[in-house]
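Visitor: Sequence:
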Amino acid sequence: MKKVSRRNFLKYGGLTVGLGPIALAVERSTGYKKIARWHGKVLSEREVAIIMAACEPILPHVTNQQEVFQIAVNIDRYLQPFDKSFINDIHLMLHVVENLTFLGIHINRFTKLDVEDKDNYLLILKNFGGQ
16 MKKVSRRNFL KYGGLTVGLG PIALAVERST GYKKIARWHG KVLSEREVAI
66 IMAACEPILP HVTNQQEVFQ IAVNIDRYLQ PFDKSFINDI HLMLHVVENL
116 TFLGIHINRF TKLDVEDKDN YLLILKNFGG Q
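Taking our numbering, I'd label the letters of the sequence shown as residues 16 to 146.
Hints were generated in silico from the structure; no laboratory data involved. As the structure is a computational prediction, the values presented were derived from the model and not from experiment. Where a beta carbon is used, it is the ideal one built from N, C-alpha and C, also for glycine. Among these hints, one or two may not hold up.
FRET-style restraints, in silico, Cβ to Cβ [as the list claims (entries may be wrong)]: (1) Ile73 - Ile102: 15 to 25 Å; (2) Phe101 - Trp53: 18 to 28 Å; (3) Ile122 - Gln95: 31 to 41 Å; (4) Ile120 - Arg61: 15 to 25 Å; (5) Gln95 - Ile120: 34 to 44 Å; (6) Asn135 - Lys99: 26 to 36 Å; (7) Asn123 - Pro96: 30 to 40 Å; (8) Asp98 - Ile122: 34 to 44 Å; (9) Lys141 - Phe101: 17 to 27 Å; (10) Leu138 - Glu82: 16 to 26 Å; (11) Leu140 - Pro75: 15 to 25 Å; (12) Glu82 - Val57: 14 to 24 Å.
Hey, can you work out the whole structure from these sequences and the hints?
Guide: In structure tokens form, the structure reads like this:
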């Protein structure tokens, strides 16, 4: 077995460490399904996908995707009159929900979790603030 030099170990190890976060960022920011008929004024398609994914554990009795979509439409409409700083906080909150799933020991982002894992993760976030 060939011995790996320290120089090569550091070079390729550094490359791996450097590319790891880039690969993770690409994986977490791509692969969202196109949402037909979305013409929201506040929320992006990605944020609508996060809201619709959150509806699964929060509202398990609402199984019709059109009804779930309508919830996102209503949230977008509700947010329209708020000032820009509050809306920026909403955008940030949705991206935190989507991407901090490692708090629940999950590699996948929120929208890719199954319903039980989404529910457990939301409970972790709820209890995170000590309330």
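Visitor: List in ascending order the numbers of the hints, as given earlier, that are violated by the structure.
Guide: Violated: none.
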